[in-house]
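J.: Those protein sequence lines, which keep their order, are chains A and F.
So in our numbering, spot 12 of the first sequence is number 43, and the numbers just go up one at a time.
So in our numbering, spot 244 of the second sequence is number 275, and the numbers just go up one at a time.
Hints were generated in silico from the structure; no laboratory data involved.
Please read all numbers here as calculations on a predicted model, not as lab measurements.
Backbone N, C-alpha and C fix where the C-beta goes; we use that ideal spot for every residue, glycine too.
One thing to keep in mind: the hints can contain errors.
[As the list claims (entries may be wrong)] To be clear about the criterion: a stretch of chain A counts as covered by chain F if any three or more of its residues have a C-beta under 8 Å from a C-beta of chain F, and this derived list gives those stretches:
(1) 111-120
(2) 211-220
(3) 357-364
(4) 377-391
(5) 394-403
(6) 427-434
(7) 450-464
2 protein chains.
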Amino acid sequence: MSRSILVIGSGAAGMTAASTARKTDPDARIVLVTEDEHIAYSPCVIPWALEGKMTWDDIVMHDPEYYRQERDIDVRIRTKVSSVDVDKGLLVAGDEEMTFDSVVIATGGNVFIPPIPGRDLEGVHVVRTINDGKSMEKALKNVQEVAIIGAGVIGLEMALSLIELGKRVTVVEMMDQVVPRILDNDLAGDVRRYLEDKGVNFLMGAPIQSVDGDGHVESVTVNGDTVPCGMVIFSTGVRANLELPQQMGLDVGALGGVRVSPSMQAYRKGRLVGNVFVCGDVVQCESAIVAGPTMSQLGSSAVRQGRVAGINAAGGRALHEGVASPWVSVIGDLQVAGTGISSGLASWYGVDVVVGTGKGFSRARYYPGGTPMTVKVIAEVTTGRLIGAQIISGEDATGRINWLSAAIIERVSASDFISRYENAYCPPTSMVRDVAFAAMEDLVSKL
Amino acid sequence: MSRSILVIGSGAAGMTAASTARKTDPDARIVLVTEDEHIAYSPCVIPWALEGKMTWDDIVMHDPEYYRQERDIDVRIRTKVSSVDVDKGLLVAGDEEMTFDSVVIATGGNVFIPPIPGRDLEGVHVVRTINDGKSMEKALKNVQEVAIIGAGVIGLEMALSLIELGKRVTVVEMMDQVVPRILDNDLAGDVRRYLEDKGVNFLMGAPIQSVDGDGHVESVTVNGDTVPCGMVIFSTGVRANLELPQQMGLDVGALGGVRVSPSMQAYRKGRLVGNVFVCGDVVQCESAIVAGPTMSQLGSSAVRQGRVAGINAAGGRALHEGVASPWVSVIGDLQVAGTGISSGLASWYGVDVVVGTGKGFSRARYYPGGTPMTVKVIAEVTTGRLIGAQIISGEDATGRINWLSAAIIERVSASDFISRYENAYCPPTSMVRDVAFAAMEDLVSKL
Chain A
32 MSRSILVIGS
42 GAAGMTAAST
52 ARKTDPDARI
62 VLVTEDEHIA
72 YSPCVIPWAL
82 EGKMTWDDIV
92 MHDPEYYRQE
102 RDIDVRIRTK
112 VSSVDVDKGL
122 LVAGDEEMTF
132 DSVVIATGGN
142 VFIPPIPGRD
152 LEGVHVVRTI
162 NDGKSMEKAL
172 KNVQEVAIIG
182 AGVIGLEMAL
192 SLIELGKRVT
202 VVEMMDQVVP
212 RILDNDLAGD
222 VRRYLEDKGV
232 NFLMGAPIQS
242 VDGDGHVESV
252 TVNGDTVPCG
262 MVIFSTGVRA
272 NLELPQQMGL
282 DVGALGGVRV
292 SPSMQAYRKG
302 RLVGNVFVCG
312 DVVQCESAIV
322 AGPTMSQLGS
332 SAVRQGRVAG
342 INAAGGRALH
352 EGVASPWVSV
362 IGDLQVAGTG
372 ISSGLASWYG
382 VDVVVGTGKG
392 FSRARYYPGG
402 TPMTVKVIAE
412 VTTGRLIGAQ
422 IISGEDATGR
432 INWLSAAIIE
442 RVSASDFISR
452 YENAYCPPTS
462 MVRDVAFAAM
472 EDLVSKL
Chain F
32 MSRSILVIGS
42 GAAGMTAAST
52 ARKTDPDARI
62 VLVTEDEHIA
72 YSPCVIPWAL
82 EGKMTWDDIV
92 MHDPEYYRQE
102 RDIDVRIRTK
112 VSSVDVDKGL
122 LVAGDEEMTF
132 DSVVIATGGN
142 VFIPPIPGRD
152 LEGVHVVRTI
162 NDGKSMEKAL
172 KNVQEVAIIG
182 AGVIGLEMAL
192 SLIELGKRVT
202 VVEMMDQVVP
212 RILDNDLAGD
222 VRRYLEDKGV
232 NFLMGAPIQS
242 VDGDGHVESV
252 TVNGDTVPCG
262 MVIFSTGVRA
272 NLELPQQMGL
282 DVGALGGVRV
292 SPSMQAYRKG
302 RLVGNVFVCG
312 DVVQCESAIV
322 AGPTMSQLGS
332 SAVRQGRVAG
342 INAAGGRALH
352 EGVASPWVSV
362 IGDLQVAGTG
372 ISSGLASWYG
382 VDVVVGTGKG
392 FSRARYYPGG
402 TPMTVKVIAE
412 VTTGRLIGAQ
422 IISGEDATGR
432 INWLSAAIIE
442 RVSASDFISR
452 YENAYCPPTS
462 MVRDVAFAAM
472 EDLVSKL
């Protein structure tokens, strides 16, 4: 009899797991169940869709019918899985019981909204699904002032999109810098100044105290001050959606994600559960930087994890290696990217670091259209190995952060990088010696 | 007494060697001697300067006075070194004798012009120095038809610049594809079609037989056919300029460059010469791909080698590792990049390869402004390790080829790459899973 694989969740992790399972086992019965209405889209694009750079329809790559016809995957939308019995291989989806040989849990995460007064008022939004985007789009027609809570990359991308739409925007961040944890303070300052020049107002270093209004949002209170606004957007980070994993008795790690083995299998009371695979925002995986767990809640990480979960769920064999979690964000004319851990996070881990900064350009200095480029690299003092890197540039940060990410997972030092790594050069796309090398030289000079 | 370091040549290798020597030994006497009039510029930019994207003055980063004042480097332009006596530590530059403790040979290369009739006619040009560029610029005022001999990246960049200037352009290439040796035939076909659409005419698979004219170029003859033209540009590859090395008795390798150790020291009759360092287009260095030598005649390679030569010439210690030689070329709206060895070159080396191709986009599929992106990866059959990669894209090829280059020098396989390497993702700069991974999957499926 053919293998029955059930996938719960239709984000990047779930869709990838289902598709990879199909490639691995052409004969399996594969059902994907999701509470969402839309599948196969990237929530990361919501800020630009809201801005009108493309339609909501554009960003949906495929519908359930496509998966049924092209990949023989039975996709059930708007269907909630209420319980999973691991031992019996049985789950309840909507009002239907389904049996499985293996199950993939890709239930993602939810935006964490702090437990403050007014958080349920009309006019409070999050940036998570197409329907979230559509409801903001509708509401914005009657709103001129927006408060964004949380200055992470999504909050900042949203801020700039709303500025483009002609709104007045205040960003509230409880930490003392934008893009906290993953970007160093100095580069964060550059990003903040850029946004301030674009007209974004910042309230830093104090948490939001309340959302105020009578039925509908009228203001938020921060540090005792009232900020008038007709919309509040929480971009306060994503917490793993643990409802099902907890119901199933799966082990949850210290960082709040489901514990998994490198095969993306779940644990229950410390023992591997053979037929349960977990991937995406809901899991806690291994870091490539420090010995221990990390949360890598990125679309690209979801795809990597979904691939491993899908292969293994279908009887294949794949392992998920530790992650450096490279990321990139486009904030107006800035591309901001990072990988590994920031100086701040290193200090939190108790790792002594030395930091190098290089400043240059994205093209040859004189080549029209080039932009300033700053590259920052971070190494562990004890071993000299690179553990983090960050880039701000007007262009071409993505490939470069992937490159630096490779150096990090290969555990090279800055001096190794200088002697072994090479950059391609053409005046319209690079300096003859890429800015990354200037950062490495600066780092080496400080060791 | 302070160390005396003489550097011969003012290209990327020589200038870098002199500057790095200065950083290594603040007290040294450093003299740089060059036949050129201009120093510290990138000949790679000539096609765009000719097109008028910047002035000739723009591309010169520094003049001799800058080096004298800022780096205490004595730069002698328009000065030919006629002889170097290694044993006595003595050279003759112009009519002056200079003593040295160490000497850096960075005499670069010359464009190879085949020994055919008419190669000395007026109207025959090469793309090597600013003065070459200026003389083309002047001559082009009275020229409508140009023949470019050699369809390497410089020839193609020149072709498109001349099209932009409204000229009629014919490219003559003796091989049956453009960008021979370093680009695979299929991608080369894409590049050629792009240029044909822009109006470039190609004559492939036959060498030039003669340049014809009475005093001045009137046509070229290729395969018996006459191609009328008022200008002929040879971009037929660079040969190491061995005049001085041969006079000094330095060993020359099988590929036609000066043999060097990883410290960039020269050999004489098989023995290291302690005080002679060689770098840039004139050297033959070690490949990171195959056991054996390679010529890495790139500006970025010249900088890497010049750095090592300069440090060692000043009494420091640095080594030059094997090279994958990543390169990128911008041809109109195309960025074409490569690293390691091509399928064709692998076959020449007797290496059996398996090739994977990925097709996708430079941004999320629906994101405005994105372009198609093709990534090709090449692995050795016996070991599975990656030995080459190529990219065609409208944007962001440079960082990505550096990334793939890192994987190659780290000797990872395509399946290693899939399980260990990560990509940053943001809809305006990448697909959620970078096209490189599609290429790797395709390769793995063929193993």
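J.: Does each hint fit the structure? Answer for all of them.
T.: Here's how the hints hold up against the structure:
1. 111-120: Coverage by chain F is violated for the stretch 111-120 of chain A (0 residues, Cβ < 8 Å).
2. 211-220: Answer violated; 0 residues pass the 8 Å Cβ test.
3. 357-364: holds (count 5)
4. 377-391: Coverage by chain F is violated here, the residue count being 0 at a Cβ distance below 8 Å.
5. 394-403: holds (count 5)
6. 427-434: This one holds; 8 residues, not fewer than the three required, reach chain F with a Cβ under 8 Å.
7. 450-464: holds (count 14)
Consistency with the previously given hints fails for numbers 1, 2, 4, ordered from lowest to highest.
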